[in-house]
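With these hints in hand, go ahead and build the complete structure from the sequences.
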Amino acid sequence: MDTVEQILAGFLDDLENNRLILPTLPEVALQVRDAVESDKASAGEIAKIISMDAALSARLLQVCNSPLYRTRRTVEDLQTAVARLGNIQVRNLVSSLVMQQMFQATSDVLDKKMRATWEHSTNVASICYVLASAAGVPKDQALLAGLIHDIGALPIIVHAEDIPELRDDQVLLDKVISKLHTMIGEKILKDWQFPQSLVNVAAQHENLQRDPGGEIDYVDIVIVANLQSYIGTSHPYNDLDWSTIPAFQRVGIEPEINIVDIEENQEDLHEVRSMLAY
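As numbered in our numbering, residues 1367 to 1644 make up the sequence shown, in order.
Hints are computed from structural coordinates only; laboratory data are not their basis. Note that the structure is predicted; figures quoted are calculated from it, not measured. Where hints are given, some of them may not hold.
[Unchecked claim] 20 Å max Cα-Cα, derived DMTMM-like pairs, lysine to aspartate or glutamate:
(1) 1556 with 1382
(2) 1478 with 1527
(3) 1556 with 1572
(4) 1414 with 1442
(5) 1545 with 1379
(6) 1541 with 1605
(7) 1556 with 1400
(8) 1556 with 1403
(9) 1414 with 1400
(10) 1505 with 1630
(11) 1541 with 1393
(12) 1478 with 1540
(13) 1545 with 1531
(14) 1541 with 1531
(15) 1541 with 1528
(16) 1541 with 1477
(17) 1414 with 1443
(18) 1545 with 1382
(19) 1541 with 1527
(20) 1478 with 1531
(21) 1478 with 1442
(22) 1545 with 1380
(23) 1505 with 1633
(24) 1545 with 1535
(25) 1541 with 1379
(26) 1505 with 1581
(27) 1541 with 1380
(28) 1505 with 1629
(29) 1505 with 1443
(30) 1556 with 1393
[Claimed, not checked] Distance windows between CB atoms, simulated:
(31) 1369 with 1561: 35 to 41 Å
(32) 1626 with 1545: 27 to 33 Å
(33) 1537 with 1411: 47 to 53 Å
(34) 1581 with 1474: 44 to 50 Å
Note that beta-carbon positions come from the ideal geometry of N, C-alpha and C, so glycine has one too.
This is how it looks when you write it as structure tokens:
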């Protein structure tokens, strides 16, 4: 058994026996989700939960007043922001805004990898946000789908700090992430009790020939956004014939169209990336 196979076997064994340390959703996001799903919480009560995190409060107000939501009047307090955005949208935005907290590493070497993973996720999320308009699905949920699609990479990167072969070999680390991140991501989102539509994103976004029939879903959007995020790079996905990938037809976009280059999308792409900047 070579090094890659040994490391993969070790991760799989730890995952199957619940020894792999998985990230946990920050408490404020859990409390907001519980309040929203109870159908009893008022905007004031949800705002009170969010106010326990000063940084999150400031960012949510900033988002509410950004061009993404184009409010007519400046919103200056959390309760008004929650009422203006609506409970479901606030839940998704809070989950998105706290996600960055989990992309932290304790070593300089792996911090670079963690930052690169977050940057890629925010890039995919911004494209998902734009695609959601054409696809007719909620933008905030599409944004969250883009952010969590590679969530399974996190525990691998964190665990790599204790495995010299991974910590010191970027190519090997990428191979392990490629092999395992969808399986681990599915486990994480199930543990977080995310909706199945988002669990499917983590589990299936690398299945480029996926064609489930029925209506468009968030997996379709993330597949297209993920591919588009690699345009202009040396990523192997650029060598594929995108016209054979069902997600493009399901989303309703021609494979040769670059969403990022369309002028009318520039403001939304910029605002989403700024909102999620490290």
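Against the structure, the hints:
Under the criterion of a C-alpha separation no larger than 20 Å, the hint pairing residue 1556 with residue 1382 is consistent with the structure, at around 14 Å. Taken as a hint, the residue 1478 and residue 1527 pair is honoured in the structure, with Cα atoms around 13 Å apart against an allowance of 20 Å. Distance check on the hinted pair: residue 1556 and residue 1572 sit about 18 Å apart at the alpha-carbon level, within 20 Å; holds. Proposed proximity of residue 1414 and residue 1442 is supported: the alpha carbons are some 15 Å apart, at most 20 Å.
At most 20 Å may separate the alpha-carbon atoms for a hinted pair to count; residue 1545 and residue 1379 meet this at roughly 14 Å. Restraint check for residue 1541 and residue 1605: the C-alpha separation of about 18 Å stays at or below 20 Å, so the hint holds. Straight-line distance between C-alpha atoms of residue 1556 and residue 1400 comes to about 16 Å, which keeps the hinted pair within the 20 Å bound. Of the supplied pair hints, the one linking residue 1556 and residue 1403 holds, its CA atoms being roughly 17 Å apart against a limit of 20 Å.
For the hint pairing residue 1414 with residue 1400, the CA-to-CA distance comes to about 14 Å; that is within 20 Å, so the pair holds. Only pairs whose Cα atoms come within 20 Å are accepted, and residue 1505 paired with residue 1630 is accepted, the gap being roughly 16 Å. At most 20 Å may separate the alpha-carbon atoms for a hinted pair to count; residue 1541 and residue 1393 exceed this at roughly 32 Å. At most 20 Å may separate the alpha-carbon atoms for a hinted pair to count; residue 1478 and residue 1540 meet this at roughly 13 Å.
This hinted pair checks out: residue 1545 and residue 1531 have alpha carbons roughly 16 Å apart, not beyond 20 Å. Of the pairs offered as hints, the one joining residue 1541 and residue 1531 holds, with about 12 Å between alpha carbons and a cut-off of 20 Å not exceeded. Between residue 1541 and residue 1528, the direct Cα distance comes to roughly 17 Å. Compliance with the 20 Å bound is thereby established for this hinted pair. The straight-line distance between the Cα atoms of residue 1541 and residue 1477 is roughly 18 Å, inside the 20 Å bound, and the hint therefore holds.
Note on residue 1414 and residue 1443: the hinted pairing holds, with a Cα-Cα distance of about 11 Å set against a maximum of 20 Å. Among the hinted pairs, residue 1545 with residue 1382 is consistent with the structure: their alpha-carbon atoms are about 15 Å apart, no more than 20 Å. At most 20 Å may separate the alpha-carbon atoms for a hinted pair to count; residue 1541 and residue 1527 meet this at roughly 16 Å. At most 20 Å may separate the alpha-carbon atoms for a hinted pair to count; residue 1478 and residue 1531 meet this at roughly 17 Å.
Our distance criterion of 20 Å between C-alpha atoms is broken by residue 1478 and residue 1442, whose separation comes to about 36 Å. Proximity of residue 1545 to residue 1380 is assessed by CA-CA distance (about 15 Å); at most 20 Å being required, the pair is judged to hold. The hinted pair formed by residue 1505 and residue 1633 meets the criterion: a straight-line CA distance of about 15 Å does not exceed 20 Å. Between residue 1545 and residue 1535 the CA atoms are separated by roughly 16 Å; this keeps the pair inside 20 Å, and the hint holds.
Among the hinted pairs, residue 1541 with residue 1379 is consistent with the structure: their alpha-carbon atoms are about 18 Å apart, no more than 20 Å. Pair hint residue 1505 plus residue 1581 holds up; C-alpha atoms about 17 Å apart against a cutoff of 20 Å. The suggested pairing of residue 1541 with residue 1380 holds, with an alpha-carbon distance near 18 Å, which does not exceed 20 Å. The hinted pair formed by residue 1505 and residue 1629 meets the criterion: a straight-line CA distance of about 19 Å does not exceed 20 Å.
Straight-line distance between C-alpha atoms of residue 1505 and residue 1443 comes to about 23 Å, which puts the hinted pair past the 20 Å bound. Between residue 1556 and residue 1393 the CA atoms are separated by roughly 17 Å; this keeps the pair inside 20 Å, and the hint holds. Take residue 1369 and residue 1561: their Cβ atoms lie about 38 Å apart, and the range 35 to 41 Å holds. Taking the beta carbon of each, residue 1626 and residue 1545 are about 29 Å apart, inside 27 to 33 Å as hinted.
Range check, residue 1537 to residue 1411: Cβ separation about 50 Å, and the 47 to 53 Å hint holds. At roughly 45 Å, the beta-carbon separation of residue 1581 and residue 1474 lies within the given 44 to 50 Å, and the hint holds.
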